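Protein sequence lines correspond, in order, to chains L and Y.
In terms of the working numbering, the first sequence opens at residue 304 and continues consecutively.
In terms of the working numbering, the second sequence opens at residue 706 and continues consecutively.
Please keep in mind that the hints were generated in silico from the structure rather than gathered at the bench.
Keep in mind that the hints are not guaranteed to be accurate.
Said to hold, decoys possible - Here are some, though not all, of the chain L residues that point toward chain Y, as calculated from beta-carbon distances under 8 Å:
#	residue
1	Val350
2	Ser351
3	Arg366
4	Tyr382
5	Trp385
6	Arg429
7	Val431
8	Glu434
9	Trp436
10	Ser437
11	Thr510
12	Gly544
13	Ile545
Note that this is a predicted model, so its numbers are computed, not measured.
The beta carbon of each residue, even a glycine, is placed where N, CA and C say it ideally should be.
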Amino acid sequence: MPENKKPVFDVDRRKFVGTGMSLGALTLLTGCDISDNDMVQKMFAKVSRWNTFVQEELFSGTRLAPEYSESMAVKDFRYNAWYHFNEAPVLSATDYRLELAGLIANKTPWTVQQLYQLPVKAQITRHVCVEGWSMIGKWTGTPLSVFLNRIGADTTAKYVGFVCADGYYESLDMPTALHPQTIMAFQLSDQTLPTEYGFPFKIRVPTKLGFKNPKFVTAMFVSNRNPGGFWVDRGYNWFSGI
Amino acid sequence: MKKPVIHPSTHHIQDHPLLVRLAHWLQALAIFIMIGSGWRIYNSVPIFGDYRFPQWATLGGDPAISKVAHMDPGVANALNWHFTGMWLLAAAYLLFVAHGILSGHFWKHLLPLTPRLFIRDFVAAATFKLPHALGEYNAVQRAAYWAVLFFILMMILSGLAIWKPVQLSWLTALFGGYPTARVIHFLFMAAICGFIVIHVTLVALVPKTLTAMILGRAAEPIHQEAPHAGE
Numbered sequence: 304m305p306e307n308k309k310p311v312f313d314v315d316r317r318k319f320v321g322t323g324m325s326l327g328a329l330t331l332l333t334g335c336d337i338s339d340n341d342m343v344q345k346m347f348a349k350v351s352r353w354n355t356f357v358q359e360e361l362f363s364g365t366r367l368a369p370e371y372s373e374s375m376a377v378k379d380f381r382y383n384a385w386y387h388f389n390e391a392p393v394l395s396a397t398d399y400r401l402e403l404a405g406l407i408a409n410k411t412p413w414t415v416q417q418l419y420q421l422p423v424k425a426q427i428t429r430h431v432c433v434e435g436w437s438m439i440g441k442w443t444g445t446p447l448s449v450f451l452n453r454i455g456a457d458t459t460a461k462y463v464g465f466v467c468a469d470g471y472y473e474s475l476d477m478p479t480a481l482h483p484q485t486i487m488a489f490q491l492s493d494q495t496l497p498t499e500y501g502f503p504f505k506i507r508v509p510t511k512l513g514f515k516n517p518k519f520v521t522a523m524f525v526s527n528r529n530p531g532g533f534w535v536d537r538g539y540n541w542f543s544g545i
Numbered sequence: 706m707k708k709p710v711i712h713p714s715t716h717h718i719q720d721h722p723l724l725v726r727l728a729h730w731l732q733a734l735a736i737f738i739m740i741g742s743g744w745r746i747y748n749s750v751p752i753f754g755d756y757r758f759p760q761w762a763t764l765g766g767d768p769a770i771s772k773v774a775h776m777d778p779g780v781a782n783a784l785n786w787h788f789t790g791m792w793l794l795a796a797a798y799l800l801f802v803a804h805g806i807l808s809g810h811f812w813k814h815l816l817p818l819t820p821r822l823f824i825r826d827f828v829a830a831a832t833f834k835l836p837h838a839l840g841e842y843n844a845v846q847r848a849a850y851w852a853v854l855f856f857i858l859m860m861i862l863s864g865l866a867i868w869k870p871v872q873l874s875w876l877t878a879l880f881g882g883y884p885t886a887r888v889i890h891f892l893f894m895a896a897i898c899g900f901i902v903i904h905v906t907l908v909a910l911v912p913k914t915l916t917a918m919i920l921g922r923a924a925e926p927i928h929q930e931a932p933h934a935g936e
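Given these sequences and hints, build the entire structure.
Below is the structure:
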């Protein structure tokens, strides 16, 4: 008889249910949460690298983020940082210099005036935060690819890194840096970028999560070594494409 | 002592092949990880007013440690759990569904299912008149299993829609755009929680089903019929 494969194990069902429930209760207790375990963190790092690989494969240099109508753009855009907006660095429009380093032919620093004379383009795109909220805003600025070509950056290199006035730092993979919608945003809602939003400019990347959009950029460099990022070094996935 | 002989003529039998048990428990683990970490991520910016899930029910380590160590209330850990668990969930789900389709299990045990059968069994269940035979699913159970398979599928699709609203913008558009897709992702999570409550309650009422899902087989004597001798 095919059904008569094996004897039935007579298991104490109460023991099963009891063990199952206490295991569940155990893992639910914060004290037994294994998230901060070394092995778990190593696993996260490995999976994160795999996720970066998958996202690099999924990314297209020509696929555009959806753009929205003027009426959908939020005027009072949400302020977001780990510090109060009163503490945002106030950069002087006259003293500011954008430093350039790494695989760049012309490393002469740029003034705000020079930056603001670059050709600009407006985009109305959705900013998506890693925490889940999102907001449509209007940003105006020059495509990063235009600027990289202007300064003679080696665009065959792998990464573009950014250093910010508030201690923040971020980096982009070169394909994303050259994406037509990746811009150095000088304006938000048709106004010169206010201090707390990153004056004199922020890197606006509509194909990435919000934390990959650094503000108050004071230095830019091109490198073949991954420069990491502020939140990336605190556990977020480096690629974080959307 | 010889083990009693189990035969379909004398016993209701529930068999679960190893592949099914493996896929079932991996899905259970993955869903536990996804919901626990998902609640932690949700808590950082709630969708529904100020409602937040209790801290102890979320996954992502001690938020106080995270706050001091890297200025992050455990969201990084939760995101890592979520983006790790998603692969486990997708793999286990695909394994389960592929086996269900290829082995014929879905058609043999989860069909037929019609509204009439569902209403009949639902009324019987609501009035406690629905008999339970191990290894056989009534129409309400069949509907519940199809439903949870659909919920997980929608969970994966709405998850992809909010993970990749640019690269998969067509999918996000199908879910009504990013903010709507995020709410849909939440609602299917709630639906899965509802399924889990009912599923676990019924398992507690008929614990032999748990035996079958762990060891592969459970049986209970058919009381109405006299056992056949000599088989």
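Going through the hints against the structure:
no. : hint   : verdict
1   : Val350 : holds (5 Å)
2   : Ser351 : holds (7 Å)
3   : Arg366 : holds (6 Å)
4   : Tyr382 : violated (14 Å)
5   : Trp385 : holds (6 Å)
6   : Arg429 : holds (6 Å)
7   : Val431 : holds (6 Å)
8   : Glu434 : holds (4 Å)
9   : Trp436 : holds (5 Å)
10  : Ser437 : holds (5 Å)
11  : Thr510 : holds (5 Å)
12  : Gly544 : holds (7 Å)
13  : Ile545 : holds (5 Å)
In terms of the numbered hints stated before, the structure departs from hint 4 and from no other.
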